[in-house]
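Protein chains: 2
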Amino acid sequence: MKIIQIVGFKNSGKTSLSTELIRSLVSNGFRTASLKHHGHGGEPLGLENTDSYKQQQAGAIVAGVEGSGMFQLKHVNGWNMEQLIAIYRLFNIDVLVIEGFKYENHPKIVLINNKEELSLLKQLTNIIAVVSAVSMEESSISFPVFSYDQIEKLCLFYIEHYVVN
Amino acid sequence: MKIIQIVGFKNSGKTSLSTELIRSLVSNGFRTASLKHHGHGGEPLGLENTDSYKQQQAGAIVAGVEGSGMFQLKHVNGWNMEQLIAIYRLFNIDVLVIEGFKYENHPKIVLINNKEELSLLKQLTNIIAVVSAVSMEESSISFPVFSYDQIEKLCLFYIEHYVVN
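Which chain is which? The protein sequence lines are A and B, in order.
Each residue of the first sequence is one higher than the last, beginning at 455 in the numbering used here.
Each residue of the second sequence is one higher than the last, beginning at 455 in the numbering used here.
FYI, nobody ran anything at the bench for these hints, they're computed from the structure.
Treat the hints with caution; some may be incorrect.
Since the list can't tell identical chains apart, any single copy or any two copies may satisfy a pair.
[Said to hold, decoys possible] Only pairs whose alpha carbons sit at most 20 Å apart, straight line, appear in this in silico EDC-like list of lysine to aspartate or glutamate:
1) K508 - E614
2) K569 - D548
3) K464 - E614
4) K569 - E606
5) K576 - D603
6) K607 - E474
7) K569 - D603
8) K508 - E606
9) K607 - E536
10) K508 - E474
11) K508 - E571
12) K556 - E606
13) K456 - E474
14) K508 - E570
15) K576 - E558
16) K576 - E591
Chain A with its partners taken away, still in its complex shape:
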């Protein structure tokens, strides 16, 4: 299973790019999955105060609820990336597109919306491409740079260099 991360600051276009990349991968015949970080302030996503929460309080290490095709799962110690990826590996996936989790060390595409965000390029590991709204000529980066209107080209670049081979 190949893993690609789409990272950047808030409102930098992560969801648009990851959605486009998924669409492109799927149309090229790859079994694709997505993982997104829910970063809006840490509110619970719906399980709290339910019956499942009672079971978790009773000491369940992993407490899950399934209904309508949705599976919600709480781990007593929280989730780490290795555990999440292990779950995806069960499903014979070709490519897992991860939105966010920028300090993880998988290959990543970084979105740069303005000059202040350029510092990200020095902080993050394993960058394979950049989508930038600002000129990158002054910076001494060594990876391919795409503009925000070259998303389709970026998707094909990724597939050709990192999925097919």
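Based on these hints, arrange chain B on the given structure of chain A.
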């Protein structure tokens, strides 16, 4: 990983019993997990109309969101029990307590609240015990019967006969 199902009609006490059983298993040192069926009319549990939903619409086979220790996961074809159990197997669990999914074929404890519900005992497979609010003397069942005030005894019966051995 041992699996035990707690089944019965609505309001028969499934959540109380499964919560008690989890508590009893945990206090006896067993790594325990829970799985519950969300059966309240099929409404979505929180992911619909979110960014993750867009990724699913783009063709993701498995679309997940993680935040605050909660992991929400949608499978394009819905979930089957084998897939759900495969996920739990990743976590070195001793006992998985499943509430609901009564037509699955794992060992199960059936809750009987009134005479009309007795028919369940003929429909379901792999019953190992019954909790009943009605007299079972007339029926010709062969499994142990507990009353609703013998839940602690039932938990110990289960652990002794189905977990320890």
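How the hints compare with the structure:
no. : hint        : verdict
1   : K508 - E614 : neither (48 Å within a copy, 24 Å between copies)
2   : K569 - D548 : neither (35 Å within a copy, 52 Å between copies)
3   : K464 - E614 : neither (28 Å within a copy, 53 Å between copies)
4   : K569 - E606 : neither (24 Å within a copy, 64 Å between copies)
5   : K576 - D603 : neither (24 Å within a copy, 64 Å between copies)
6   : K607 - E474 : within (11 Å within a copy, 56 Å between copies)
7   : K569 - D603 : within (18 Å within a copy, 68 Å between copies)
8   : K508 - E606 : between (47 Å within a copy, 18 Å between copies)
9   : K607 - E536 : neither (30 Å within a copy, 39 Å between copies)
10  : K508 - E474 : between (39 Å within a copy, 10 Å between copies)
11  : K508 - E571 : neither (43 Å within a copy, 26 Å between copies)
12  : K556 - E606 : neither (22 Å within a copy, 48 Å between copies)
13  : K456 - E474 : within (17 Å within a copy, 42 Å between copies)
14  : K508 - E570 : neither (45 Å within a copy, 29 Å between copies)
15  : K576 - E558 : within (14 Å within a copy, 52 Å between copies)
16  : K576 - E591 : within (16 Å within a copy, 75 Å between copies)
Checked against the numbered hints listed earlier, the structure breaks hints 1, 2, 3, 4, 5, 9, 11, 12 and 14; every other hint is satisfied.
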